[in-house]
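Visitor: Protein sequences appear in the order of chains X and G.
For what it's worth, the numbering used here labels the leading residue of the first sequence as 1, then goes sequentially.
For what it's worth, the numbering used here labels the leading residue of the second sequence as 174, then goes sequentially.
It should be emphasised that the hints constitute simulated quantities derived from the structure, not laboratory data.
Even glycine gets a Cβ: it sits at the ideal position worked out from N, Cα and C.
Among the clues, some could well be false.
Straight-line Cα separation of at most 25 Å, DSS-like style, residue types lysine-lysine; simulated pairs [claimed, not checked]:
#1 37/X - 25/X
#2 37/X - 571/G
#3 159/X - 333/G
#4 571/G - 25/X
#5 159/X - 230/G
Okay, the calculated bits of chain G under chain X, using three or more residues with CB under 8 Å as the criterion [to be verified]:
#6 214-222
#7 293-305
#8 312-321
#9 361-373
#10 540-547
#11 554-568
Which chain X residues face chain G? A few, computed with CB under 7 Å, are given here [said to hold, decoys possible]:
#12 17
#13 19
#14 61
#15 66
#16 146
#17 148
#18 151
#19 153
So you can see what is in the structure, the chains are spelled out below.
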Amino acid sequence: MRDAIEGRVWTLGEDVDTDQIISGKYLTIIDPEELKKHVLEIALPEFAEAARPGDILIAGINLGCGSSREHAPAALKAIGVAAIVADSFARIFYRNSINLGLPAIEAQGVRQLFEAGDTARISLSGGTVTNVRTGRSVTFPPIPAHLLELLEVGGLVEKVRAELAARPSAAPA
Amino acid sequence: MTGNGHGLTLAEKILARASGLERVVPGQIIDGQVDLAMMHEQGAQTVGPFHQMGATKVWDPERVVIAIDHWVPASTEGAAILHRILRQFAAEQHLPHFYDVGRHGICHQILAEDGWVVPGDLAVGTDSHTNMLGAMGAVAAGIGPTEMAAVLALGRLWLKVPPTVQVRVRGTLGKGVTAKDLVLRVLGEIKTTGATYKSVEFSGPTIERLSMPERFTICNMTSEMGAKCGLIAPDATTKEYLRLIAKHPDHPLQADADAHYERVIEVDVDGMPPMVACPFSPDNVRPLPEVAREHIRVDQVFLGSCTNARIEDLREGAEVLRGHKVASGVRFIVSPASTKIYQQALEEGLIQLYTEAGAVFTNSSCSACFGGNMGILAPDEVCASSSNRNFPGRMGAKNARIYLLSPAATVASAIRGEVADHRELN
Ligand code: SF4
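Just chain X, with the same shape it has in the complex:
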């Protein structure tokens, strides 16, 4: 996991729920490559077409509230979003993102520093998010070691795989 993440910014408002990230009508789609065509269709209709790998999403409070659909962060990851930064996150969305290895960073006050198209620079260890255009930045509390480790190994699948592989026999304990 790179410590510094830099990318072009897309902005979202407050209380963007998972329905607006992946609408209920796409919930039977499992393939992230298929899902990404519909990502943010309600909240940001031009996003799916115009997003580039490495882009950063910056949102207001309560990003990802509503249904516990992993489709939402999975689609964002599939389209190449490098990190999601929000004033605050809804719980399950936050967990899902981290578990998929997609950095989700809660930085209070971040939304008002950015406009769409700005460049954001994130330092995970330094705990800062900076707007490269304006030079203004906000800080965020250190990410707990357990979660950093999850991000570093690439998500929960990798972590459990390592744990299971380390067991003396393949049988569950």
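Since the structure of chain X is already known, use the hints to place chain G with the ligand on it.
Guide: Here is chain G with the ligand on its own, set in the frame of chain X:
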């Protein structure tokens, strides 16, 4: 005001037990042993990661419940594939507790009516309203499919111990005022972000008098507060409800008398009117009599969902409906929360009552609740619903407007053809 002691809240007690620790503090990350894991259609996304993890066996097939509910019977090819993935996984892993088409129901209702969650449990499910089972005096939380794969593989899960908000309720609910109105009122105060990553513990004399179905309705909507879990301490009512159906031994824990609460909210329901959550957020709560005066026309009415489609809710609606007809131009969809409730409604003549009045009484499922199966709203349409969410696009078109109500008020709205107060019907 309580709340500054050093004791543990109910959720902290349960999480300490689940992680084998004497005490835990909010913010601490623990590794908890799971007592019950529930999957619905989203669980189909668990199967891939489960295999990618190199897992070969589910940790304990007796502690896993699969209940399909969003598209039952399958209404699209995609849904049919999700169901097949789950069926094959259940067969492969010898998972005996699969609620397939015919025994199906909304996953949370299945857990409740078959006693799958008992006091003291740490229960997780792939749906965000798993919180409902906190009414058993358990920590019940929604998780994503990838974390569910880890649970199936290891029987354990990382969790951050949440701080607890205590909601103390006193007073008597007036005639025609229900547990749904109470939880809407609390939601109006806490808001959709007010309890993010927190545990919400309901207590006080009003809560102690509530039946289990009413407690389910209340804990169900802690999801709308952003909460990790919503709990009600187990008591004689819980014990009686589970007496014949509990699937495994319980550990009825209680909060310490000097528990530390992050925030205490006092609610007095004396004189409280019925409530309604207006578009486009479940916390946009107003007194129903006030909204009813605006004569908001509805195109569709939905009596269903895990929040309010138990037999008690259908009876409550039937009391209002008797002697009336569904207004012309209104589509009234009634969907019981489980097959058992469907059968009970049949026995009590409720299906006849609802359909004769002009409603469509569907098989049990999530139905119109989530805008992906049936009862989908067209642009600009308005729906009165007994469900729990009214965000943009929730039931179909992005600008369709949803009003969340108690079952009785939902039915009154079907009769009047506008958002209505059931106490005003003759
Ligand atoms: S009834 Fe609605 S809220 Fe409940 S599980 Fe189904 S879709 Fe979710």
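Visitor: Hey, residue 159/X versus residue 333/G, does the alpha-carbon distance stay inside 25 Å?
Guide: 18 Å, holds
Visitor: With 7 Å as the cut and Cβ atoms as the points, is residue 19/X at the interface with chain G?
Guide: Cβ of residue 19/X sits 5 Å from chain G, so the hint holds.
Visitor: Does the nearest C-beta of chain G fall within a distance shorter than 7 Å of the C-beta of residue 148/X?
Guide: Violated - the Cβ of residue 148/X stays beyond 7 Å from chain G, reaching only about 12 Å at its closest.
Visitor: Test coverage of the segment 293-305 of chain G by chain X using CB-CB distances below 8 Å; three residues minimum.
Guide: holds (count 3)
Visitor: Examine the segment 540-547 of chain G for residues whose CB is less than 8 Å from any CB of chain X, and state whether their number is three or more.
Guide: holds (count 3)
Visitor: Let's test the interface hint: is any C-beta of chain G closer than 7 Å to that of residue 153/X?
Guide: 12 Å, violated
Visitor: Are the Cα positions of residue 37/X and residue 571/G separated by 25 Å at most?
Guide: OK: residue 37/X and residue 571/G at ~18 Å, within 25 Å.
Visitor: When I compare C-beta atoms, does the segment 214-222 of chain G have three or more residues closer than 8 Å to chain X?
Guide: holds (count 6)
Visitor: Under the criterion that the straight-line Cα-Cα distance not exceed 25 Å, is the pair residue 37/X, residue 25/X satisfied?
Guide: 13 Å, holds
Visitor: Less than 7 Å between beta-carbons is the criterion; does residue 146/X satisfy it with respect to chain G?
Guide: 5 Å, holds
Visitor: Does the interface hint hold: is residue 151/X within less than 7 Å of chain G, judged Cβ to Cβ?
Guide: This hint is violated: residue 151/X lies away from chain G, its Cβ roughly 13 Å from the closest one there, beyond 7 Å.
Visitor: Examine the segment 312-321 of chain G: at least three residues should have C-beta closer than 8 Å to a C-beta of chain X.
Guide: Per the Cβ count (6), the hint holds.
The structure does not agree with the numbered hints 17, 18 and 19 stated previously, though it agrees with the rest.
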